[in-house]
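> Sequence:
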Amino acid sequence: MADRNTPASAQDAGVLVIGLGRFGASIATTLDRLGQDVLAVERSADQVQHWTGRLPLVEADATNPEALEQLGARDFPVAVVGVGSSLEASVLITGNLVDIGTPQIWAKAVSAEHGRILQRIGAHHIVFPEADAGNRVAHLVSGKLMDYIEVEDGFTIVKMRPPKETQGFTIEQSKVRARYGVTIIGVKPPGQDFIYATPQTRISANDMLVVSGHSELLERFAARP
Numbered sequence: 001m002a003d004r005n006t007p008a009s010a011q012d013a014g015v016l017v018i019g020l021g022r023f024g025a026s027i028a029t030t031l032d033r034l035g036q037d038v039l040a041v042e043r044s045a046d047q048v049q050h051w052t053g054r055l056p057l058v059e060a061d062a063t064n065p066e067a068l069e070q071l072g073a074r075d076f077p078v079a080v081v082g083v084g085s086s087l088e089a090s091v092l093i094t095g096n097l098v099d100i101g102t103p104q105i106w107a108k109a110v111s112a113e114h115g116r117i118l119q120r121i122g123a124h125h126i127v128f129p130e131a132d133a134g135n136r137v138a139h140l141v142s143g144k145l146m147d148y149i150e151v152e153d154g155f156t157i158v159k160m161r162p163p164k165e166t167q168g169f170t171i172e173q174s175k176v177r178a179r180y181g182v183t184i185i186g187v188k189p190p191g192q193d194f195i196y197a198t199p200q201t202r203i204s205a206n207d208m209l210v211v212s213g214h215s216e217l218l219e220r221f222a223a224r225p
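So for the sequence shown, my numbering puts the first residue at 1; every next one is plus one.
Hints were generated in silico from the structure; no laboratory data involved. Among the hints, a few may not be true.
What the hints assert, rightly or not - Derived DEER-like restraints, expressed as beta-carbon distance ranges: (1) Ile195 - Lys164: 17 to 25 Å; (2) His214 - Pro129: 42 to 50 Å; (3) Arg220 - Arg22: 28 to 36 Å; (4) His214 - Glu113: 46 to 54 Å; (5) Asp147 - Ser111: 39 to 47 Å; (6) Thr170 - Gly101: 48 to 56 Å; (7) Leu34 - Met146: 20 to 28 Å; (8) Pro190 - Arg220: 23 to 31 Å.
Unchecked claim - No farther apart than 27 Å at their CA atoms in a straight line, the calculated lysine-lysine pairs in the DSSO-like style are these: (9) Lys164 - Lys188; (10) Lys164 - Lys175; (11) Lys188 - Lys144; (12) Lys175 - Lys159; (13) Lys188 - Lys159; (14) Lys188 - Lys175; (15) Lys159 - Lys144; (16) Lys164 - Lys144; (17) Lys144 - Lys175.
Every residue gets a Cβ at the ideal spot worked out from N, C-alpha and C, and that includes glycine.
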């Protein structure tokens with residue numbers, strides 16, 4: 001458990017992760033590995049036993065506002081609600097965090113309706129892990145893209161092979177941004193590191209491109225032969 005006597009500057013970096021299912025556990029273990037001050041909260045005794053000694057954690061029911069107060073939830077500027085299987089629990093926990101004034105609340109949602117409810121009661125960031133993963137895999141399975149990351153509101157970064165119409169031309173000559181509304185931000189020639197793209201960067205057939213833009217525009221660009 002986080003030391004409540006640590007200086008305020010250390011507490012500023014703390015993250016409270018509630019729920020140690022696959023989503024919450026992945027976040028908590030990654031933060032812990034990165035050296036972040038993290039405290040996991042789980043009400044299942046079996047899960048607590050599983051993670052004891054591997055994560056800083058407490059066994060508590062975060063749907064109970066008194067339990068949150070007792071474990072020092074007010075000390076954490078960031079909280080992640082990883083509970084998704086129980087809509088009621090997810091909403092109650094998020095509401096409790098809103099009530100104590102947590103500055104940043106990230107909450108997992110399993111449906112659009114769930115996400116709207118969480119947003120209305122005050123969650124600052126809604127995460128749809130299953131939908132996001134499915135969307136990414138669908139783009140990769142299509143064979144056009146080698147990687148796909150949607151950042152926010154449709155803005156996406158992809159890794160892809162260059163369409164034939166760009167091969168042998170500089171970025172300025174191919175006019176990708178003017179024609180397709182997307183931006184080539186990096187190029188990786190075979191056996192070399194990625195380089196930041198400039199208008200004079202010439203693209204070859206074996207290069208790998210890093211391209212940014214709205215997902216629909218990127219899909220059209222990636223669909224070019």
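> Against the structure shown, which of the earlier numbered hints fail to hold, in ascending order?
The structure conflicts with hints 2, 4, 5, although it agrees with all the remaining ones.
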